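Residue numbers (this note's numbering), protein chains in the order written: chain A, 1 to 338; chain B, 1001 to 1277; chain C, 2001 to 2538; chain D, 3001 to 3327.
Heads up, a few of these hints could be off.
[What the hints assert, rightly or not] Example chain B residues on the side facing chain A (calculated, C-beta under 10 angstroms, incomplete):
1. A1024
2. A1111
3. F1121
4. T1128
5. A1230
6. T1254
No lab work stands behind these hints, which were simulated from the structure alone.
Quantities reported herein were computed from a predicted structural model and do not represent experimental measurements.
Every residue, glycine too, gets a C-beta built ideally from N, C-alpha and C.
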Amino acid sequence: MGFGGYVVRRLLLVVPTLIGVTIISFALTHLLPGNPALVKAGPLATPEVVQEIERSMGLDRPLPVQYWRYVSGLLHGDLGESASTGRPVLEDFRQRIPATLELTLASLLVAVGIGVPLGVLSAVHRDSVLDHVSRVLGVGGVAMPSFWTGLLLLYVFFYLLGVAPPPLGRLAADVTPPPRLTGLTVLDAALAGHGGALLSALHHLMLPALTLGFAVMAPLTRMVRATMLEILESDYVKAAWAAGLPRRRVVYGDALRNALIPVITVLGVIFGFLMAGNVVVEMVYAWPGLGHYAVTALVTKDPGPIQSFVLFVAVMYVFVNLAVDLLYGLADPRIRLR
Amino acid sequence: MHWRRLTANRLSFAALCALLVVVAAALLAPWVAPYDPDETDAAAALSSVSLHHPLGTDLYGRDQLSRLVHAARVDLLVALSATAVALGLGSTLGALAGYRGGWVDQLLMRAVDAVMAFPAFILAMGVTAALGNSTANVVAAIAITHVPIYTRLIRGEMLKVREMEYAEAARTVGNRPRQIVLVHLLPNCMPPLVVQATLAMGFAILTVAALSFIGLGIQPPQSEWGQMTAEGAGYVVSGEWWLVLFPGLAIMATVLAFNLIGDTLRDVLDPRMRGVR
Amino acid sequence: MSIDRRSFLKLSAGAAALGTVGFRPVRGAAQDKRTIVVAWDTDIDTLDPAQFKAIGGYVTIANCYDPPIAWKVQPIKDKPGFALSRPAEWDGAIAESWVTERDGATIVLKVRKGVKFPSGRPVTAQAIKYCFDRGLQSPGYMRLLFPSLIGVKSSDQFEVRDEDTFAMRMERPNPMAMDIIALSNNAMMDPDEVKLHATQADPWAAEWLKRNIAGIGPYRLVKNEPGVEIVLEVTNGYWRAEPYFQKVVLKFVPNEADRVLLLKRKAIDMVVGRPGLSPKNVKSLEGEQGLKIFNVPDTTCHYLAMNGKRAPFNDVKVRQAINYAIPIQAIMPSVLFGYGTQMKSPLPHLTPGYSGNLSPYKYDIEKARQLMKEAGVKTPIPVKLAVRVGYVTHEQASVWLQRELEKIGFKVEIVKETDATFRQVAIKGDHELSIESWQSWVNDPWYHLNFLMHSRSKFTNASFYENPVLDKIIDESLAETNPERRLGSARVAQKILIDDAVWGFLWYDSWTRVMKTDITGIEKRWDTFERYYAAKRT
Amino acid sequence: MTALLSVRDLSVQFVTDDGVVEALDTVSFDVRAGEILGVVGESGSGKSVTALAMLRLIRPPGHIVGGAVRFDGVDLLTVSEEQMRAVRGRSISMVFQSPRTALNPVLTVGRQIARLFALHQRASAPEAWRRALEMLVLVGIADPERRARQYAHQLSGGMCQRVMIAMALATAPRLLIADEPTTGLDVSIAAQVLELLRDLGRRTGAAIVLITHDLAVVAEVCDRVTVMHAGQLVEMADVRTLFARPLHPYTQALVRSIPRIDQDVTLEPIPGTVPSMLAPPPGCRYADRCPRVLDVCRRARPALLGAGPEHEVACYAVEQDVGVTVR
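Using the sequences and the hints given, assemble the complete structure.
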C-alpha cells in the first residue's frame, strides 16, 4: 500500500474527527448561560434592541440551522466577532496566534532540550542519584500547578533578582519591534538582523518558556527513559557492543537513534499539554496569546472567541497528531518501507 | 509480593505515606482541624504563621490549617468521583466497543477521537464555563475529559484478550457475553486501569487548581486547594507568602504522591516492565 | 548521524543554557521622560462615543475627543499636584463660553474661534448639532439620557443660530443639563469625516466609529493592539498648549499580582482601570519607596440589593434585619483597608443633599435576630447571593455577609457570575441577593435616585423598589430649580428609603491611584476617567 | 596443543530484588584453534551467560564474580575497556539467536557491516562498502548491491542470520561464538547456516563455540561438546565419545531423549525442571533430579576430573565406578 496510501488514509480519518470537533465546540458555546445578544447590546439596552440584535445574530433560528450557519461561516473565515475587542475574531486570531505559537515552540524546545537528555542519562545510569532526581524533578514539574511555578519564577527572577524582564508582553517597551514576517518576534528579529530586538525577545521568552516547558517535561522524560531502558536491553545493542563498537557510541548512537523515534509520538500528547498550559502561563506573564484571549471570552461569555479558540486548538491538535504520525512513519524505516 | 515491591523503593514509600496522611486528613477533617474553617475573625485577618494559627490566617481571619484540612476532603472527593465516573463510563464504552466491534466500535471510536481532539484542560474549561462551576459540574468536566483514556485502554485490552484462546474457550462453554466480560476479561485489564486511575487522580486535582486560577473553580465557601492557591497567589506580592505556599505544597505533595505511586504500580503490575527491573 | 556523548551533552547543555542565561537586564531607563507608561486590564471594545463600552474605550475617548464643555478641576489643599472636580463647576472646551436663556431652559454655546478638526476643517455650530443629533438617534446611552433626564426628545431642540452659536432648548430648566453636556459621550466629531463612512444600513457610521476617532483632542490614537497595548500620541495643532507627555502607553497586564510587581520595580509609572488595584494591594504599597498613593473619596456606591419582588425580601423587617446583620465593622478594615467610606444613605456622601445621620443601622446581630423573629419567617431560608467575577471587593464582602446571614437563619450560596450573565439575570428579576455598584456621572441626587429607586427604571432599580410616593417626589424634584426645595426633598426621600431598608448599606469606594513619586498633575473628574493632558513628570 | 581460549572457574551472579542468582558456578573449559566446540544444555542452564561473559558483555545487575578467560595469554576479565574493544569483533566475535532483532532496524544492512571495517581496520567509506559487499557474497547472499541498501525487516530470517555471520567474520576473527544461531530458523535454512558456519570455520581457521540446546546439531557439526546444567559444567568430551559413552547421569538422560530414526526407543523425559539458580543449594545442582544421587552430592560440588582420553566429568557416582584420573 506504500507510504502515500498511508498518508491519504490518515487524512480521510481526520474528517469525521473534525466534524465531531465542530459539533462539540458549537454545543459548548450554545450551552453558555447568558445571552450574547445582551452582551452586545449593553446593560441599558431596551428589550426591543436586544431582540433586534438576537435576530441579526440568528439566535432565534432552530439549532441545526444555526449549526449550519456556524459551519458555513467557518469555511468563509467568519469566526464571529469579539465583544471585548470589537474586532472580527479572525483578526484577533491573526494577531495573537504567532504569540502563542512562539511560546509553545520555545517551551517545546525547553522541554525537549532538557527532557530528552535527562531521560537518556537517567536510563543509562539507571537507579543512580541522577535517575531518582530526574524522576522526582519530572514528576514534580507536572505536579506543580503552572501558575504557581510561573508566579514563583516571576517573583524570584523579576522582583527579587531583577534578572528577568517585567511581565509586559513580548518585547521591552523601548525596543522597536522588527518588521513582521512570521509574527514570531525571535525569528523576525533574527531575519531582520535586529540584535537588540532578538535579545529582548529571547529575554522576554525566558521565564514563560521555562514555566511551560518545565510543566510538560515529565511525560517526555519518562517516555525517553522507558524506551531507552528497553532498547539498552535489546539484541542489536548487545550485538553492536559485541562487535567491538565503543560503549558510548552504542548508547548515544545506535540506542539513542532508535529511542528518539517513539519520542515523536509523545510530542503529540505534549502539544496538548502545551496548549492547555498556554492559557494559564499567558495569564501570569501578560503574554498576548490566544490563551488569555480565550479566558477573557469565557469570563464575559462571549461565544465567538470561545467557539473559535476551542475549535482552533482542536484542529491544531488533530493536525499535529497527524503530522506526528507521518513524521513517525518517515523516521522509522519499518513503517516507511512497509 | 506487590506490596513489598511497592514499599521497597524509598520514593514510592514516601509517596504512599504522604497520600495516607492526606486521606486521613480528609476523612477526619472535623476532628483534626483546630478551628471551624469558616469562622471569620477580622482582628486576626492576614496574620502570619503563629502558634495560634500554625499556617497563618487568610483575609477573613479564617485559620488556614483548618481550611486546608477541610479542602483535602473536597479535592479528594472531586478527584475520586471524577475518576470513578470516567472509569465506569470509559470502561463500559471501551468494553462495548471492544467486544461488539463493527459499527458500534467505529462510532464510539470516532466520538472518542473527537473528544480526545481537545486538550483535556481546554475541554474542561469549556464545559465548566458552559454548565457553570458548581462542584458537580467541575467533576463532570474532568470526568468527560478522562473518559476517552479509559475507553481506549479497555478497548485495547479487550481486543487483545478477546483474541486469546481462553476467551474462545469460555465462549464455547456457553458463558453469556456479559459474564465473560466480567469474569474473564476485566480482571485482566485491571493492572493498566489501576495505573491510569492513579495518575488521573493527580491530574484531576491539577485541573481543578487551574480552573480556579482562571475563575472557573469551585464556588466559595467550599474551600479547595486550587482555589486557595489561586487566591493566595495574588498575595505573594503584598507579602503574605503563607497563603499560597501551603495550599501549593499540598497540591504538589498529593499529585506527586499519586504520580509516583502510579509509576511504581506500573513497574510492579506491568509484567513487561518487571523484566527490565 | 551518531553523535558521541560529549557533543551530545554540549548540545543539550546549550539548549538549557539558552533558557536561563542571565542577560544584562534591559532596564526601563532607556524610556524617555516625556512618555508615561500605565498598566491596566482592559481592551478597547468600541470607540463610538454614543455606545456603552469598557473602561478602555471610555478613557481613550476622554483623551482623544474634546466635549463641548468639560468638568473644571480644582487643586486639592493637602494633596499637592492632584486636582478634583467640584459639583457644578465647568470649563469651556470646544465651546468657549455658554449662557443660559429662559432661566436655564435653554443653554447657548459659543464655539471657540480657530479650533480645527485634524482634517483642517474648522469646528462649527453645525458640527456640534450633528454630534448631539447622532447621540439622540444612534443606538446608545445618550438616546436614553437626553429624553428621560433633561426632556430633550427631538433633534430640533438642538438649534444652530449661526456659524459659531449652538443652543439646546429643553422643555423646562434642568440643573443636570450642564453635567449631561459635559459627558464624554458628547464627543465633538467632524461631521464630514463621519458622513464619509456612513452607509445606507449604518447611517451614523457606527461600524467605522467603532475603531476610529473623528474628533479633536489633546491626544490621538496611534496604536490599538488588544491584549498588548494602546498608545496615544500628542495631536499637533491642538487649540491648547501641548501636554507635557508626548506619548501615553496603556499596557495590558491581566494579572493583578503582575501589576503590583511592575509598580514595585518601577517598570511602569501608574496602575489605572477599574479598580486597577484592590484595596489590599494598595495598602501593601503604602510607604513603598519611590511610589505614592493618590486617594480621594468617590461617589461609587456598593450595596446589597434585596429583590423586593421575592419573599422574604418583600418584608421590610427582613430587609432591616439584614442591615443589622451586615458586619460593616469587619468589612471596612479587612476588605477596603480604609480606602472607602461606610455607606449611611442611598445617596453618595459627596452628592449635594446627602444626610448621613438618618441611618440607624449598625452591626447588631441580636437586633437582627429579633427582627427576623418578628417577621415570622420560617428558617433556614436558602438564598443565592450573586457576585460578579473580577470584582475582588464584592467577592470578599460576600464571604463576610454569608457568615453573618447564616447566623440569622439564611442558608447562603455565593454564586459568581460574569458581568454579562449577572446583568441579564438581574434584569429578569431572578437575583434574590446581589452585590451591585453604581456610579452617577452626574453628581445630582435626583439623577442618582431616578435611576436607582424610580419604579420605571427597570434596568437600574436593582431592588425592584416600587413606591408611588417616592416616584412622585423624584418626578417633581427632577426639574426643581430652587436649590433649598431641591435639597430639602432629597432629605425626605432618603428618610423613606432608609426606613424601608431598600438597600443593605455597604460602602462608597474611593478613587485611588498608585504611581511613581515623580508623576504629578493627576485629576479626578466625576466620570472617574483619567485625562493625561495635565499630567507631568517632575 | 595450547588452547586458543581457556576459561577457568568462571562465575557470574545477578543481583535481583528477590536475591542473588548464581548463573555460572566456576565453569572451566578450553577452546582449541580450528575446532567447533558445542555448548549444550536445557534453556536457562547458563549457556548464553557463558558466551556473554567470555566477551565481558555482562551488564549490571549481572556481575562476573570470579574466574579468568585467558586469550593469547591475556586474562580478558582484567584488561581495560579499550583493550577489550580491540578483541571484540576483531579477534572474537559473536552471532546471536534471533537474527532479525540483532540487526539495528534503522541502519541499512550494508552500513552495519561496512562500519566494522571502518572501525577495526580504518578502511575508508568506499573501501569498507566494497568489502561489505564481498562479505555478503561470501555468506551466500545473492544480488548484494540491492540487499546491502535494504533494512533488516526487508530480509528473511535466514538472510538476516547470514548478514550476522558476515558481520562476525568481517575482520577474520580467530574465535566465533554462535549463540543458538539456528533456533529461530526453519529446518532447511538452519542446515544451510550450520553448513556455512562449518565451511567458513574450516576456511578461515576460526574456532567456533556453538551454543545450542539441540543435540542433533551438536552430533552433526561439533568436534567436542561441553554439557551445562544449571550453571555448572557437568561433562566434556569429544562428540563421538560423548554420544557413545555418556558418563554423567544428566548427559545420559539427554542422549536418551534424542529421537532416533534407526532404533525404536521409548523417549524418557528428564524428571523435574532445571532448578532455580536463586540462592541454590551447595553441591551438584542435578542432585534433586539424579537417579544416582549420593549424600556427598548434596554437600559439595564434584570437581571436573578426567575419565578417559578427551573425556572429563564432574560426578561423584561416576568417580566411584570408573576411577577417574585427576588431570
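Hint-by-hint comparison with the structure:
The interface hint given for A1024 (chain B) is broken, as the beta carbon of that residue sits about 20 angstroms from the closest beta carbon of chain A, more than 10 angstroms. Proximity of A1111 (chain B) to chain A holds as hinted, the smallest CB-CB distance being about 6 angstroms (cut-off 10 angstroms). Interface restraint check: F1121 (chain B) against chain A, minimum CB-CB distance 3 angstroms, threshold 10 angstroms, status holds. For T1128 (chain B), the shortest C-beta to C-beta distance to chain A is roughly 9 angstroms, which falls under 10 angstroms, so the interface hint holds.
Hint status for A1230 (chain B): holds, given a least beta-carbon distance of 7 angstroms to chain A, under 10 angstroms. The interface hint given for T1254 (chain B) is met, as the beta carbon of that residue sits about 8 angstroms from the closest beta carbon of chain A, less than 10 angstroms.
Violated hint: 1 only; the structure is consistent with all others.
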